[in-house]
Amino acid sequence: MAGIAAAKTLTALYLSTGTGGSQTADPVAARSQMGFSLGWHIILACLGVGLPGLVLFAEWRGWRTGDPWYQLLARRWAKALGVLFAVGAVSGTILSFEMGVLWAGLMDHYGSVIGLPFSIEGFAFFIEAIFLGIYLYGWDRLSPRVHLLSGVPIVVAGILSAFFVVTANSWMNSPRGFKIVNGRLTGVDPWAAMFNPATGPETTHMILAAFMVTGFLVASVYAVAMLRGRTDRYHRLGLLIPLTFGVIMTPIQIVVGDWAARYVGSEQPLKLAAMEGLNASGRHVPESIGGYYAGGQLHWALKIPDGLSLLVHLSPNGYVTGLQSAPPDNRPGLITLIHLSFDTMVGIGFALLLLGAWLALAWWRTRTIPPSIWFLRATAVSGIAAVMAMEAGWIVTEVGRQPWIVYGVLRVANAVNPAPGLSWGLVAVVTVYALLTVVTVYVLRRLARNRPVPDAPQESDVTGYKVV
Amino acid sequence: MAITLLVLMWISVTVYALLAGADFGAGAWDLLSGRTGPGARRRALIEHSIGPVWEANHVWLIFVLVLMWTAFPPLFAAVSSTLYIPLTLVALGVIARGSAFAFRKAVTELWQQRIFGAAFAFSSLVTPFFLGAIAGGVASGRVPPGLARGDVVTSWLNPTSVLCGALAVLAGMYLAAVYLTADARRTGQPELAAEFRWRALVIGVVTGLVAAAGLIVVHSDAPRLWAGLSGRALPLVALSGAAGVASLALLAVRRYLLVRVTAALAVAAVLWGWGAAQYPHLLAAAPGLTVAQAAAGRATLQATLISAGVGIALLAPSLAWLFLLFQRGRPVSPPASSSPAEP
Numbered sequence: 013m014a015g016i017a018a019a020k021t022l023t024a025l026y027l028s029t030g031t032g033g034s035q036t037a038d039p040v041a042a043r044s045q046m047g048f049s050l051g052w053h054i055i056l057a058c059l060g061v062g063l064p065g066l067v068l069f070a071e072w073r074g075w076r077t078g079d080p081w082y083q084l085l086a087r088r089w090a091k092a093l094g095v096l097f098a099v100g101a102v103s104g105t106i107l108s109f110e111m112g113v114l115w116a117g118l119m120d121h122y123g124s125v126i127g128l129p130f131s132i133e134g135f136a137f138f139i140e141a142i143f144l145g146i147y148l149y150g151w152d153r154l155s156p157r158v159h160l161l162s163g164v165p166i167v168v169a170g171i172l173s174a175f176f177v178v179t180a181n182s183w184m185n186s187p188r189g190f191k192i193v194n195g196r197l198t199g200v201d202p203w204a205a206m207f208n209p210a211t212g213p214e215t216t217h218m219i220l221a222a223f224m225v226t227g228f229l230v231a232s233v234y235a236v237a238m239l240r241g242r243t244d245r246y247h248r249l250g251l252l253i254p255l256t257f258g259v260i261m262t263p264i265q266i267v268v269g270d271w272a273a274r275y276v277g278s279e280q281p282l283k284l285a286a287m288e289g290l291n292a293s294g295r296h297v298p299e300s301i302g303g304y305y306a307g308g309q310l311h312w313a314l315k316i317p318d319g320l321s322l323l324v325h326l327s328p329n330g331y332v333t334g335l336q337s338a339p340p341d342n343r344p345g346l347i348t349l350i351h352l353s354f355d356t357m358v359g360i361g362f363a364l365l366l367l368g369a370w371l372a373l374a375w376w377r378t379r380t381i382p383p384s385i386w387f388l389r390a391t392a393v394s395g396i397a398a399v400m401a402m403e404a405g406w407i408v409t410e411v412g413r414q415p416w417i418v419y420g421v422l423r424v425a426n427a428v429n430p431a432p433g434l435s436w437g438l439v440a441v442v443t444v445y446a447l448l449t450v451v452t453v454y455v456l457r458r459l460a461r462n463r464p465v466p467d468a469p470q471e472s473d474v475t476g477y478k479v480v
Numbered sequence: 220m221a222i223t224l225l226v227l228m229w230i231s232v233t234v235y236a237l238l239a240g241a242d243f244g245a246g247a248w249d250l251l252s253g254r255t256g257p258g259a260r261r262r263a264l265i266e267h268s269i270g271p272v273w274e275a276n277h278v279w280l281i282f283v284l285v286l287m288w289t290a291f292p293p294l295f296a297a298v299s300s301t302l303y304i305p306l307t308l309v310a311l312g313v314i315a316r317g318s319a320f321a322f323r324k325a326v327t328e329l330w331q332q333r334i335f336g337a338a339f340a341f342s343s344l345v346t347p348f349f350l351g352a353i354a355g356g357v358a359s360g361r362v363p364p365g366l367a368r369g370d371v372v373t374s375w376l377n378p379t380s381v382l383c384g385a386l387a388v389l390a391g392m393y394l395a396a397v398y399l400t401a402d403a404r405r406t407g408q409p410e411l412a413a414e415f416r417w418r419a420l421v422i423g424v425v426t427g428l429v430a431a432a433g434l435i436v437v438h439s440d441a442p443r444l445w446a447g448l449s450g451r452a453l454p455l456v457a458l459s460g461a462a463g464v465a466s467l468a469l470l471a472v473r474r475y476l477l478v479r480v481t482a483a484l485a486v487a488a489v490l491w492g493w494g495a496a497q498y499p500h501l502l503a504a505a506p507g508l509t510v511a512q513a514a515a516g517r518a519t520l521q522a523t524l525i526s527a528g529v530g531i532a533l534l535a536p537s538l539a540w541l542f543l544l545f546q547r548g549r550p551v552s553p554p555a556s557s558s559p560a561e562p
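Chain order of the listed sequences is G and S.
Under our numbering, think of the first position of the first sequence as 13, with each following residue one higher.
Under our numbering, think of the first position of the second sequence as 220, with each following residue one higher.
Among these hints, one or two may not hold up.
[Unchecked claim] Per the computed footprint, the stretches of chain S lying under chain G, defined by three or more beta-carbons under 8 Å from a beta-carbon of chain G, are: (1) 266–276; (2) 279–285; (3) 302–316; (4) 512–525; (5) 537–543.
In short, the hints are calculated from the structure, not lab data.
As the structure is a prediction and not an experimental result, all values here were calculated from the model.
C-beta: ideal position from N, C-alpha, C; glycine also.
Using the sequences and the hints given, assemble the complete structure.
Next up, the structure:
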């Protein structure tokens, strides 16, 4: 692969100019800070992608049917959206800063290759912010039709933002659209970089994950309320709309997840090997579930004979690459973490599929939410579970790509900002985010409690609830 | 094409300074609005004015960053690696400001509104200072090309940076006071308009004096910048001064809408004066980095320009609708007695 040669020349370039691998560089602090702030922001980003659609749906139903429950639901969700979007917008800002503050080496060399999707994402996010301002602050100023229409760009731009920003990450997994000749970057084609082999599966997987996180997370709030005895129509709708949304996405996501895994198998075989804790390459490779990796092998795992060969190649004789095929310093570390994260993601995905089947069955037979308390309990934890699955997926993608920041081209150690004292930034960011987490959760809970839902909403209850 | 993108980036810097700078300034005025009771009307006006627009205004900063790293990657890498401390502080300040503002609106109890209000106002004061300090570090030639080649402390803790930080805070407050004066009159609150008119006059004079005194600082601390400002950029410096004086006169005769233009011009002229003084150098520190040296390849510049063109075509009408919708707004409803932050 041209990438390996590129990596060598780049390493040489770094050594000759003395900017890379200096003693002060602190890749661990930089990775921790990036992982932490990205892992935090991504939950808000998911809600920013998924929640506007739910709000619009409730508003549309309320408008068409005149049902005050839908109208109230739309207003209350919109108020929460306002808070969540603000926190999401500002927690996303720090990521743009970190691209240079932490990864100056990456941007110095490859900013011109992967900058384009960020620029386009900037426009999409701008449109999103503008129309969110119009939508929230225009709630009682615009006619219902215009107001509803003013929400549509938020949904579209939110999905596009997610698409473009994930293409930048997909490029880090499948770097395309450039050549390295004599240590110099040439032949840059930013469109080819943006639409690389990882783009399709990765962006689709992420956008569906955002929908699932939103659906199950919002539904879980109402499941908790119903477990506490609030089983009125407002709470049933609050549970049913987002849960249905999440449930519809789940089987699609499982198929897309399979597509993503096949991509990893063909483009990043070492990542797949880490996901499976597979040391030796071979045929008839079993699918391993659970266990831990130590001393070059996976212990205590449940093995399904020929499973992995079948999954990757649809043939028990399929050849799968193991970790041993690469020199030790080109292999990812933390194999147990990657393997168990992968299992967690897949396991939760199938558990959510079962939850959806339960709902679908009950709805088909009796047109009701399953009356079992266990259904509500399962829904109550489904939100956290969906977030865990999404975070586990990111751990697989990011930790599984190590030691590369740009797969096969640039090592993390050579991309980090060599300035001294980066670990203090990590301390500051973790402190601020810990505080932000506590306060955000607290404020959202106050939002729900300050204005209890009336038992039978009148029109004044709906119009009296101010979104901003 | 590199020049076009540089101009586009600098327009974004200018718009960010004029709009988001004023949002920060409004937050600083929130801090100085006095005790809870008497300050309630002022805080309500501030919240009413910036509420619908601050998130959109904030995005101009994101634009500056993405345009910089796409079109001029070595510039972005050099600036962000050397100045990573103030940049991290700006990012944390942005987080504190935005979330505290959103939280204050969402809670109803006074003590909570006070805490979030204090966080909002304090971060509104601190964040533009560090942004100015970053500009001062670049303008005074303390950021050499390359990764973290400059001093990570003195690159932003130096006379020019402190001056620029102070100017950023003051200019934001000045713009905010000018904008709020007209907002107060439009929403039918003449007594508030009079209050903000006085604030604008006072802070306008202070800003002018600091800027004039700052020329002495620049003269001794950043001779190359001084040479540029007193040479090629002199017309822009003079324009800024003239617009500043004109603004004070317009405020005195209560031409509140016209003064928005001149006040914005005074601030914008300083930014473009800095740009003109430094051009074609993006980084003045030896060995220097010119536009041509920093610019990305042709394909990247072309793709960025195309997407910027499409983006602007979508953006302009949306943005126009947002501002028109809320600039033709209804009067502010009187604040409830127990909730100073609710408009």
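Going down the list of hints, with the structure as the test:
1. Coverage of the region 266–276 of chain S by chain G holds. Counting CB-CB distances below 8 Å, 5 residues qualify, and the rule asks for three or more.
2. A stretch counts as covered by a chain when three or more of its residues have a beta carbon under 8 Å from one of that chain; for the region 279–285 of chain S and chain G the count is 5, and the coverage holds.
3. Remark: the region 302–316 of chain S is confirmed as covered by chain G, as 11 of its residues place a Cβ nearer than 8 Å to a Cβ of that chain, reaching the required three.
4. By the rule of at least three residues with a Cβ nearer than 8 Å to a Cβ of chain G, the coverage given for the region 512–525 of chain S holds, with 6 such residues.
5. Coverage of the region 537–543 of chain S by chain G holds. Counting CB-CB distances below 8 Å, 4 residues qualify, and the rule asks for three or more.
The structure is consistent with each of the numbered hints, conforming to all of them.
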